[in-house]
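J.: Mind docking chain B on chain A? Use the hints.
2 protein chains.
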Amino acid sequence: MIRIMARITARAGSEGELRQVLQELPGPSRGEEGCLGYELFLNEDDPCEFVTVEQWRDQAAADAHLNSAHVVSVIGRASGLLAQTPLIHRFRQLA
Amino acid sequence: MIRIMARITARAGSEGELRQVLQELPGPSRGEEGCLGYELFLNEDDPCEFVTVEQWRDQAAADAHLNSAHVVSVIGRASGLLAQTPLIHRFRQLA
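For the record, the sequence lines run as chains A and B. FYI, UniProt numbering numbers position 93 of the first sequence as 93, with every residue one higher than the one before it. FYI, UniProt numbering numbers position 9 of the second sequence as 9, with every residue one higher than the one before it.
Isolated chain A, as found in the complex (with noise of 0.2 Å):
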């Protein structure tokens, strides 16, 4: 099992469309092969800084949720929204 936070950072004053459009990921990222759970979260200091907290059976199946369609469409009309790439990290849980 593989864990992934993303961190992704919306330009000032595009906050609001980014949340829409971030909002529609969990729904059906949940309902792809291999996710064990998906969350999203808003910073509750910061209103630009969103993240997500995933976890995926294998390497494969957050490979394949990346190419997948609605991640795609959300990558494309989020692009002009963000303030700067999305650090994305995979983390190992300790305890």
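None of these hints come from the bench; they were simulated from the model. Source: prediction; values computed, not measured. We put the beta carbon where it would ideally sit given N, CA and C, even for glycine.
Some chain B residues close to chain A (C-beta under 8 Å, calculated; not the full set):
1) R19
2) P26
3) N43
4) A95
Per label pair, the in silico range of CB-to-CB distance:
5) A:V72 <-> B:A64: 43 to 49 Å
6) B:G13 <-> A:I75: 33 to 39 Å
7) A:Q20 <-> B:V72: 39 to 45 Å
T.: Okay, now just chain B, sitting in the frame of chain A:
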């Protein structure tokens, strides 16, 4: 219910020692009043970056956690091993 994520970065060379100290956090934290979840992660791309993903019943429970004996003990031993002050943020789940 509130969600907290803390990003904790080791001084280069101290990551092994910091890891030992941080691994003491999840067990006792899960036993605290109002703790609904507590996980410790290591960034697979950066051996110095640790993240906690926490769920607390309310702000009072999260505040009490920071003053608990085991957290105070960990903070005391970790302080010399850090590259910077931990970044602790509260998140709201959107979806």
